[in-house]
Amino acid sequence: MKIKAQFGMVMSLDKCIGCHTCSVTCNNTWTNRPGAEYMWWNNVETKPGIGYPKGWENQEKNNGGWTLKNGRLELKAGGRAKKLAQIFYNPDLNMIDDFYEPWTYDYETLIHSPEKKHQPVARPKSQLTGEYMELQWGPNWEDDLAGVHQTGKLDPNMRGLEEQVKLEYEEAFMMYLPRICEHCINPSCLSSCPSGAMYKRDEDGIVLVDQDACRSWRFCMSGCPYKKVYFNWQTKKAEKCTFCFPRIENGDPTICSETCVGRIRYIGIVLYDADRVEAAASVTNEQELYEAQLSLFLDPFDPEIIEQAKKDGIAEDWIEAAQQSPVYKMAVKQKIALPLHPEYRTLPMVWYVPPLSPIMNALEGQVDALDPKMMFPTIEQMRIPVQYLANLLSAGDEEVIKVVLKKMVIMRHVMRAKQLQKEYDSSLLHMTELSEEEIVDMYRLLAIGKYEDRYVIPKAHREQAGNMYFGQGIAGYDFMQNCHECMGGSGALEEEFEARWRKNYG
Amino acid sequence: MKPPKSPLLQKLSFFSKSVPLNNHSEYSLKDRRTEEVYRKRWQHDKVVRTTHGVNCTGSCSWKVHVKDGIITWETQQTDYPSTGPDMPEYEPRGCPRGATFSWYTYSPLRVRYPYVRKALLRLWREARKQTEDPVEAWDIIVNDAAKTKEYKAARGKGGFVRADRKEAMELIAAQLIHTIKNDGPDRIFGFSPIPAMSMVSHAAGARFLSLIGAPLLSFYDWYADLPASSPQIWGDQTDVPESSDWFNAGYLLIWGSNLPQTRTPDSHFMVEARYRGTKVSAVSPDYAEYVKFADDWLAVRPGMDGALAQAMTHVILKEFYVDQQVPYFIEYAKKFTDLPYFMMLEPAEANGFVTGKFLRASDLGMPLSNAEWKPVVFDENNQHFVVPNGSIGHRWEETGRWNLLDHDESQQLEGIEPVLSLLNREDEQVTLHLPYFSADREKIIRRNIPVKKIIVNGQEKYAATVFDVMMTNSGVNRGLPGEYPASYDDDIPYTPGWQEKITGVKKAQVIKVAREFAQNAADSNGRSMIIMGSGINHWYHSDTIYRSVLNMVLLTGCQGVNGGGWAHYVGQEKVRPLEGWQTVALSRDWGGPPRLQNGTSFFYFATEQWRHEEFSAEEMTSPVRNKPRYRHHADYNALAARLGWLPSYPQFDRNATKLYEESGAASKEEAINYIVDQLKSGNLSFAVENPGKKENFPKTLFVWRANLLGSSAKGHEYFLHHLLGTHGHTFSEYDDSLRTEAIHWEETTPSGKLDLLVNIDFRMNGTGLYSDIVLPAATWYEKHDISSTDMHPFIHPFNPAITPPWESKTDWDTFTELAEVFSTLAEKQFPEPVKDIVTTPLLHDSKEELAQPMGRVPDWKDGVTPPQPGVNLPQIHIVERDYQKIYKKMVSLGPTVKKTIGSKGLAWDAQEEYEKLQRLLGAVKWQEEAFAGCPSLEKGRSVAQAILTLSSTTNGSLAMKAWKVLEKKTKLSLQDLAEERAEEHLSFEEITAQPRKVITSPVYSGSETGNRRYSPFTTNVERKIPWRTLTGRQHFYLDHDIMLEFGEELPTFKSPLPSQVFYERDRQPEVDTKVITLNYLTPHYKWSYHSTYGDTLPMLTLFRGGPHVWLSPHDADEAEIEDNDWIEMYNRNGLVVARAVVSHRMPRGVVYMYHVQERHINVPGSPTTKDRGGTFNSPTKIHVKPTQMIGGYAQLSYGFNYYGPTGNQRDGYVHIRKLKEVKWLED
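Here the protein sequences line up with chains A and B, keeping their order. FYI, my numbering numbers position 15 of the first sequence as 15, with every residue one higher than the one before it. Every position in the second sequence, counted from 1, becomes a number in my numbering once 10000 is added.
Because the hints were derived from the structure by calculation, they are not lab data. Using N, Cα and C, we set each Cβ at its ideal position, and we do this for glycine too. One or more of the hints may lead you astray.
Straight-line C-alpha distance at most 30 Å; calculated DSSO-like pairs for lysine-lysine [to be verified]:
#1 A:Lys-236 with B:Lys-10040
#2 B:Lys-10507 with A:Lys-406
#3 B:Lys-10835 with B:Lys-10668
#4 A:Lys-422 with B:Lys-10668
#5 B:Lys-11218 with B:Lys-11170
#6 A:Lys-117 with B:Lys-10898
#7 A:Lys-116 with B:Lys-11220
#8 B:Lys-11024 with B:Lys-10964
#9 A:Lys-83 with A:Lys-69
#10 B:Lys-10997 with A:Lys-450
#11 B:Lys-11223 with A:Lys-117
#12 B:Lys-10898 with B:Lys-10997
#13 B:Lys-10506 with A:Lys-402
#14 B:Lys-10118 with A:Lys-116
#15 B:Lys-11218 with A:Lys-125
#16 B:Lys-10898 with A:Lys-236
#17 A:Lys-116 with B:Lys-11223
#18 B:Lys-10835 with B:Lys-10658
If you want the footprint, here are the derived chain A segments under chain B, 3+ residues with CB under 8 Å [claimed, not checked]:
#19 98-107
#20 146-160
#21 244-250
Residues from chain A that face chain B, not an exhaustive set, calculated with beta carbons under 8 Å [stated by the list, open to error]:
#22 Asn-27
#23 Thr-29
#24 Thr-31
#25 Leu-84
#26 Ile-87
#27 Asn-90
#28 Ile-111
#29 Val-121
#30 Trp-141
#31 Leu-208
Put together the whole structure using the sequences plus the hints.
This is the structure:
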């Protein structure tokens, strides 16, 4: 056993209001610059729909993620040999139009227009070419089912539902899917990179692109089944969501999380057994991948695990954080959060609580039983087909979805009884294998969700990274940190300091 | 640990060199200096707490990050005071729109310098060459028809040139003085909405304009956000729960309010309440965002919500008042509603009666003061009519009976027990004739009602309780004869079966939701809540829709209960530090009164929309009454003006500053008599009686903190043509059979009424584009100000993160600068102070609400009734204006507040607080006696501090004083509500350090005491403070003559106005493509707040990059329109060019053009008009409602943004066709 700590995020789709604040704040902070205009490290999609980039879930076409070949895990796009052969032409690569051509407007004309016959207007023009353009697609073109009566049919999650779901007003359903990089335990982007420019941080599992090492091959883009690696056309380097590590290292949640007004996001760490990663990602049946990934996560309260974790270099406050982790609670304990497309075999670390939805047949008047005790619709009557959610979150296993939704409905039922000081049917609890106490825990995390409960983020032990006594004084001075030649330095200063340090304290 | 050898912070040992972990996952072998790239991006110089002064009532606290002196981005604050351990917190608050605000700071859309349109600037410079006197220079321009036409016709067509700030200010000041001298200050107008979003900036212009005597235009009613039902029922503008109180509800019915989209930072409380077992039901025509969260969806046909609510009312009355009696409901109805009060019935035709006036102490000959203002109930215990405490008659006398105790005045009884229903104890039954307004059946419903025989003034009369009238009207079968339904299925008003064909909602669903709603209220003592919004509030008949919906919360005892009641969220605002803001903004510290004009009436006349009326009043009035007094709706407005119901500025057809002199009066009284005589003789007219006459035009309009033309100008094309005199494309022609009686109809319709339009903004938008002068404003990240809302109980500061860039200035600095230039010019122009004759309407919360007893119409134009100011004529005041002192007054806090300050009919002193401000802010420098020791308001920050210090919600000492005053008035014990915070004085520094919660004060109706969540009317219910209504209770019944005339005495159902796409007389465009006709709706938009943010690149990128309309695939197919096609959409009022968004989320027959989509971004030309497509308001037009013009009668008395006709815009229809060819009209 080799224990590692890994950051994860849970997003409750049941709470998501589709507002896109996460996208805007992320964009403002990280990708609001030339070359990155089209990048939305965090984006939100309306489902059903084909999303951003168009049809990202269609791995038949995109060949992202992993596949099992003769029982062995292999990149779906092919191994090293194939990649080498196609290194100058990557057939799986998404084009800019799959994302969208970023545009702006000639706003200036509104103020500076000379006197004219007609009112001046700011027309859209391409940020790539500077030419006027007709807008045909954008990063959120399908918002709230816009045009989805057609594009929805191309949503891969609709498979098996073509007959059942009509994409008509009477049966309309929708949900939002906010997406960031999954910071997978088994990242296929990383394995796709011919230059070894991507890395997964040993201490916290955050997946990053080394900007110096990137050689612009863009195999990471096609290798990622979630299409969450982007190419900066100015710097010619790949870029992606960093899990806001400069904030995370200081114990602050990611920008997208802290600014989430739906309060749908939870951040915490899990401890997992790195030695069993490959086995977990290689189970034959796709529908077993969810449980396989769960089995990697270790019980942070188990004394043996704690012992081993310490041996593997995990600090005590990190173990404590793993115990308090909302991700651990929701994914492992309560089992209400599920991985996005586990069938990609990347062992993603952004998990989702599936959404409840209003009852399906409301419009036909087939309303629920009028018994006031049964206030809540049952799972089968939900507007979002269970099959749809299963295709998204459990490799098609409807049972997994039903169990989660049932837990949420019963939580509402029990809590309603409590708020009205009434009795509830305790046999309902047995259906979920949850105790009342666990229901209340679930409720408190989902409903009350105080800041410190949503985000349990251990700070980085930077003192282990180097000489902080020295670092204190030089922090921020580029000429001392990065540029060895400027100010007449040569790095000697630091070595000299270190030598002295060793002499005194060594 | 051994220190690393490699350079520090580049290669970290803990962040170690990676090695291949196993054969499928690889780690970098390189060092990790690359991480510095992102680490440095995150680093910043400072974080500044500020908020967004946008018209969204969000009032969110934000962290603005400054890096290298540049505003780089903003994220939400998360440090709100806690709601307690068992509730979700307010953090974070903010939305995607707000998160883009920093985009404006440096964007190409930013107004960086003052701009004047070339045509005007050239004329001005030429005129200034001819004369040294700027006022004379303006005269040269404005009295030359060719010149005015030239610069007015150029409006909106580019040609801005950068002007010198001084030059622009001089031009404005000269124009103002010219207007005051020639036409009077009441021809100058200011439009700036929603003070709560940035009180200091609002006060900047408001204070300046009030000081010169210029009217301010209301906005809440104009926006159609004002729910007229609120003053009608509660005598309150709008008072609603803070959003966290949703979490306390056991049942949430969300009705036409798209929470995730429009109340983004609040909606989590609704989402989270579901986990607590709160059931959520949604009423919406489309599969809207909030429907996603609902357990039930009632897909109602747009505008038919009133029918749905009437049916739910029917179910609740039947099941919870007849089939069973819920003690909690009954007790509530008796104590807190007008249901037990009696009304007289009046004979209609043979064997029939109609509802009449409330029965009052005066009718029964009780010798009481204000007896006409004291309605009665029948006491169960004593079997007598009694006069319960708390009526409006008690409010305006010193008997200490203005409270909701169960006391009677007539016999000094205590413990009275009002009878709710006369059923089975009636003297008789009579047939009641009730008006019905849908075309599906006969117009009069006849049903029997139990009544009591009484003697009124010696005559035998019948009287019934409001409760029995409600039961009768609702059609609840209690075994009485008449047209009562036998079951829910019967198609008889107002059963669930009846509503089905109107609303499209299955009756079983209606029954279920009504039943659940009421049962939950019974189970939880009133914790059922209805969140309601613009989806049902922007209709012509929104007040009747709302009253029907609100039946539900009143009948189930939910109002005034935490977690229950109405939760109306449409442009409602709560200036929590109310008295401080009012004092500064309306310059009350220097006396007054201010001229406050209701916006809808103003724009209705100023833009000549009144001439385009489509419907005669006869089509709207009650079938059980005589024919209406007027056919044309505008005539009702003229009536309202002359009876003092509504304000009316421009005031008279003569200069108000010359009238005093003209009168030759020796005293104020003489002058007033002169004016009354002049009005009576017809020598002097109200300006509203001839809006087409040049002398009656509004001449000047300031727009700041607002986007009038691009956003709120309903009837946009009428604005452009008639008000501005530029292009405007309507297709409508007058209906010659529908002309006014009380208003003169000029044969030539004016164009270009306005001489000067000044816009102050930080961005170029639809108002700036059409303004004569645009002044650059500081943004919300560049100034000091304060904001509050009713969504949460905190006060938020604005703080500058950077200094205002380029030549921008804060609104406060801009208006003080203008005041200074103005005052200097005035030295020559106004050597002496002038006497301004100011009329004001009969005001709510003043004794004037007792002006017109019994709710009759004492029209002095009948030649019999004498006109009397303050009774059936506006109040007339004489205000001395020293125009040289405007600047000094602007920047000094006047001494009046030492003696009196207050709100809502209550007043107290602020002596100590004034003295504190003298020390806190320092005194102004002038030695003149009038200004000696006045606290200085030279800086915007000082103004904020003054507002906080002078308000009872932010200064504990004033809260204590305010409660003490109310204690005296009510003889109740109330001060304890503020005691825990008596010592607190929220300062600007404190609220900058962390948001602070407001203090419980009588200026609002809810209690926050003990960290409780704010819910309206909890002090009324718990502490027995009366509502400010006729009975002092919540009203189902409204007995004013005009209400009866229009058949709206009870909540009823009225269909939306019929389609008015084109009439035969109109100039209908000829097209050769397929055309569809759809109901045109403009719900609030996801990617902007009104027009703000909708023009930012991030928001435009995140949806479809320009104007668009949503329609269903079926309708689109019919017109061969595909998703993202360009379309042309038009009706008689105007035309729009936009893209189509086709979605199965939309029902058939409806098109949504989200509010606000303007015409300056990505809008091509129209082949029909050969000009650029219009705004979302091009196809709209105002329709005014006479019942909303009533005044001088209890809660139906005027208040600014409190009552008045709304600028509704939902009842329209449009043609849509596909646009094959797109031209950009760059010429």
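Checklist entry - For the hint on A:Leu-208, does the least C-beta distance to chain B fall short of 8 Å? => result Cβ of A:Leu-208 sits 7 Å from chain B, so the hint holds.
Checklist entry - Regarding the hint that A:Thr-29 lies at the interface with chain B, is the smallest CB-CB distance below 8 Å? => result 5 Å, holds
Checklist entry - Quick one, are A:Lys-117 and B:Lys-10898 close enough, alpha carbons at most 30 Å? => result Given that 30 Å is the threshold and the Cα spacing comes to 57 Å, the pair is violated.
Checklist entry - Given the hint that B:Lys-10997 pairs with A:Lys-450, does the C-alpha gap stay at or below 30 Å? => result 19 Å, holds
Item to check | Hinted pair B:Lys-11223 and A:Lys-117, Cα distance within 30 Å | outcome: 14 Å, holds
Next on the checklist: Check whether the Cα positions of A:Lys-116 and B:Lys-11223 lie no farther apart than 30 Å.
Outcome noted: 15 Å, holds
Checklist entry - Can the restraint linking A:Lys-116 and B:Lys-11220 be considered satisfied, given a maximum Cα separation of 30 Å? => result 25 Å, holds
Next on the checklist: Is the interface hint satisfied for A:Val-121? The criterion is a beta-carbon contact with chain B at less than 8 Å.
Outcome noted: 5 Å, holds
Item to check | 30 Å Cα cutoff - pair B:Lys-10835, B:Lys-10668 | outcome: This hinted pair holds, its Cα atoms lying about 10 Å apart.
Checklist entry - Under the criterion that the straight-line Cα-Cα distance not exceed 30 Å, is the pair B:Lys-10118, A:Lys-116 satisfied? => result Distance ~11 Å between B:Lys-10118 and A:Lys-116 Cα, so the pair holds.
Next on the checklist: Is the listed coverage of the segment 244-250 of chain A by chain B valid when you require three or more residues with a beta carbon under 8 Å from a beta carbon of that chain?
Outcome noted: As far as the segment 244-250 of chain A goes, the hint holds, because 4 residues have Cβ atoms under 8 Å from chain B.
Item to check | Status of the A:Asn-27 interface restraint (C-beta, 8 Å, chain B) | outcome: 7 Å, holds
In this structure, the earlier hints numbered 4, 6, 16, 24, 25, 26, 27 are contradicted, and the remaining ones agree with it.
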